[in-house]
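Trainee: The chain contents come next:
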Amino acid sequence: MILQFDSLNQFMTMDGHGVYVWSALIVSGLFLAGLVINPLLRQRDVMLEIARDQDREKQREASKREKN
Amino acid sequence: MNWNWFYRMGSPKWFFYTTSRWLPWLGVLTSCLLVTGLVWGMAFAPEDAKQGNSFRIIYLHVPASLLALAGYFLMATAGAIGLIWRMKLSFMVMKCAAPLGAVLTFLALFTGAIWGKPTWGSYWVWDARVTSMLILLFLYLGVLALQYAFQSPEVGNKASAILALVGTVNIPIIYKSVDWWFTLHQPSTIKFTEAPSMHPDMFQPLLVMILGFYCFYALALFMSVRVEILHRERKTAWVRDLVSQEAKEREGVNS
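As given, the protein sequences belong to chains A and B, one line each in that order. Each residue of the first sequence is one higher than the last, beginning at 0 in numbering that gives the first Met the number 0. Each residue of the second sequence is one higher than the last, beginning at 0 in numbering that gives the first Met the number 0.
Quick caveat, the hints were computed from the structure, so don't treat them as lab data. Among the hints, erroneous ones may be present.
[Stated by the list, open to error] Under 7 Å between C-beta atoms, here's a sample of chain A residues computed to sit facing chain B: (1) Met11; (2) Met13; (3) Asp14; (4) Trp21; (5) Ala23; (6) Ile25; (7) Ser27; (8) Gly28; (9) Val35; (10) Leu40; (11) Gln42; (12) Val45; (13) Ala50.
[Stated by the list, open to error] With a straight-line Cα cutoff of 27 Å, these simulated DSSO-like cross-link-like pairs (lysine-lysine) come out: (14) Lys49/B / Lys57/A; (15) Lys234/B / Lys57/A; (16) Lys190/B / Lys12/B; (17) Lys63/A / Lys234/B; (18) Lys247/B / Lys57/A; (19) Lys234/B / Lys49/B; (20) Lys63/A / Lys190/B; (21) Lys234/B / Lys247/B; (22) Lys116/B / Lys49/B; (23) Lys12/B / Lys116/B.
[To be verified] Here chain A is said to cover these stretches of chain B; the calculated rule only asks that three of the stretch's residues, wherever they fall, bring their Cβ under 8 Å from a Cβ of chain A: (24) 43 to 52; (25) 57 to 69; (26) 104 to 114; (27) 234 to 248.
Even glycine gets a Cβ: it sits at the ideal position worked out from N, Cα and C.
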């Protein structure tokens with residue numbers, strides 16, 4: 000295995016093809032990251048929502064007990 | 000034959016707890032494979048004699064396209080299992096596979112378009128391979144849209160499962176399109192029956208990237224199915240226990 004580029008500059012420009020290669024890489028990276036971050040955020044939201052529902056239920060039961 | 004494993008696999012609770020144990024390992028494995036494959040492919044693989052450095056897009060384009068196709072098979076199979084055995088979990092997998100596949104198909108088309116500019120001289124060509132991939136994107140979007148087109152989610156599940164199954168006919172067409180028609184798209188690099196038409200120095204990083212994308216697909220699919228499970232099973236005892244336990248832990252950290 001040999002490193003194909005002599006300098007960082009050459010690696011970035013890739014003989015004029017750098018724009019294509021790096022833009023493909025950046026866009027793919029963003030979308031793939033989105034596919035992992037999105038479920039993480041949704042999971043947090045769903046957990047919080049369920050916790051809120053449980054709290055509300057508990058309060059309702061407590062107020063019912065007070066009335067009795 | 001003992002079918003217990005099959006029914007246990009259909010249990011959302013079992014799926015959730017099993018993937019809880021797998022996810023950290025899968026995350027580490029995915030990152031290692033993708034980083035290794037990218038560094039190898041971008042910096043160490045030799046440059047292509049005809050296409051120069053633009054060929055390095057292959058390390059994104061081929062894995063994304065492969066997973067777009069494999070993901071469609073998975074989605075259609077999950078839909079079929081859901082229709083036949085009325086398995087809730089199976090429909091959840093189908094539902095979560097649709098946006099995942101749509102993004103991968105989009106990426107395959109996008110990286111292909113970028114690759115097309117320096118290679119073919121144009122971003123877009125109505126070539127058999129490209130057009131059939133575009134149809135795949137619309138199939139994914141159709142399955143996604145049908146989910147929400149009905150009042151009851153059960154009807155939506157069945158309708159999109161049927162669309163997914165009918166659309167399966169497109170998969171062999173995409174796969175064989177480069178052989179059946181005279182296309183601008185180059186023939187497959189990787190074949191089932193022959194050795195790859197690529198030098199090992201170029202092929203090995205591609206293999207690492209493909210494995211990485213498979214792991215990534217599993218990771219993203221599991222994560223999204225888990226959210227679906229929590230949402231659908233929010234009234235069950237095990238989800239309520241899980242949530243109150245996490246809430247307690249959060250309070251413990253805060254205080």
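Trainee: Failing hints, ascending?
Mentor: Violated hints: 1, 4, 6, 8, 10, 14, 16, 19, 20, 23; rest satisfied.
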